[in-house]
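Trainee: Sequence:
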Amino acid sequence: LDSGCEFTFAALEYLYDAYLPDPPPAFENAFLMCNRVSWLLNELASYEKEAVQEGGWTNLVHILEESGSTFEEAADRVVDVANESLKEMLACQDAMTADDDRLQRALQLNFKGLCNGVIGGYEWTTRATNRYRSETSPFPELRGLLPQKKLDKSFLLG
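At the far end of the sequence shown sits residue 158, using our numbering, and the numbering has no gaps.
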């Protein structure tokens, strides 16, 4: 289960000098839950593109539909699991302690990064890209296209 978060968080860990040589189990679990939430958000957002338009069979909502669930039941189940995973991720914070001040700071920064990653994923999916948007999306949050801005290329050398 990898939503692309692992590489991103490893890069941030390095950039902020917040390396965790031996993360405590609570952080490992929080990281897993963050990945799960991000993956499930992607499954919901990409449903129309992957399952409806492309006929893909790997989308979780589509798999649940093929198992006999209605679309609404399948989407609700995915949302429920995402919410349960988010609650579990947030509950891990109190168990993240380290004896060393630098490691405690690293834990706090990394956990904040996990939280920001979930928020950023939701914001990007629903408010910053047309990648998952369409007029016929089953999700009201993804209906309609966002206005396109022209990219200012004046800074490019050439």
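In short, the hints are calculated from the structure, not lab data.
None of these values were measured; they are calculated from a predicted model.
Even for Gly, the Cβ is constructed at its ideal location relative to N, Cα and C.
One or more hints might be untrue.
[Unchecked claim] Think about it this way: if two alpha-carbon atoms lie no more than 20 Å apart in a straight line, the pair counts; the simulated DMTMM-like pairs of lysine to aspartate or glutamate are:
#, residue 1, residue 2
1, Lys112, Glu6
2, Lys87, Asp101
3, Lys49, Asp22
4, Lys49, Glu65
5, Lys49, Glu123
6, Lys112, Asp22
7, Lys112, Glu13
8, Lys112, Glu84
[To be verified] Label-pair restraints from in silico Cβ distances:
#, residue 1, residue 2, range
9, Asp100, Pro138, 40 to 50 Å
10, Tyr16, Tyr122, 40 to 50 Å
11, Glu135, Tyr14, 38 to 48 Å
Trainee: Compare the structure with each hint and give your call.
Mentor: Here's how the hints hold up against the structure:
1. Of the supplied pair hints, the one linking Lys112 and Glu6 holds, its CA atoms being roughly 15 Å apart against a limit of 20 Å.
2. Taking the CA atoms of Lys87 and Asp101, the gap is near 27 Å; set against the 20 Å cutoff, the hint is violated.
3. Between Lys49 and Asp22 the CA atoms are separated by roughly 39 Å; this puts the pair beyond 20 Å, and the hint is violated.
4. Restraint check for Lys49 and Glu65: the C-alpha separation of about 16 Å stays at or below 20 Å, so the hint holds.
5. Of the supplied pair hints, the one linking Lys49 and Glu123 holds, its CA atoms being roughly 19 Å apart against a limit of 20 Å.
6. Distance restraint check for Lys112 and Asp22: the Cα-Cα separation of roughly 18 Å lies within the 20 Å cut-off, and the hinted pair is therefore satisfied.
7. Distance restraint check for Lys112 and Glu13: the Cα-Cα separation of roughly 11 Å lies within the 20 Å cut-off, and the hinted pair is therefore satisfied.
8. A threshold of 20 Å between alpha carbons decides the hint, and for Lys112 with Glu84 the separation of about 19 Å falls inside it, so the pair holds.
9. For the pair Asp100 and Pro138, the beta carbons lie near 49 Å from each other, so the given range of 40 to 50 Å is met.
10. The hinted range of 40 to 50 Å is not satisfied by Tyr16 and Tyr122, whose Cβ atoms lie roughly 22 Å apart.
11. In this structure the hint that Glu135 and Tyr14 lie 38 to 48 Å apart at CB holds, the actual value being about 41 Å.
Hint compliance for this structure: hints 2, 3, 10 are not met, and every other hint is.
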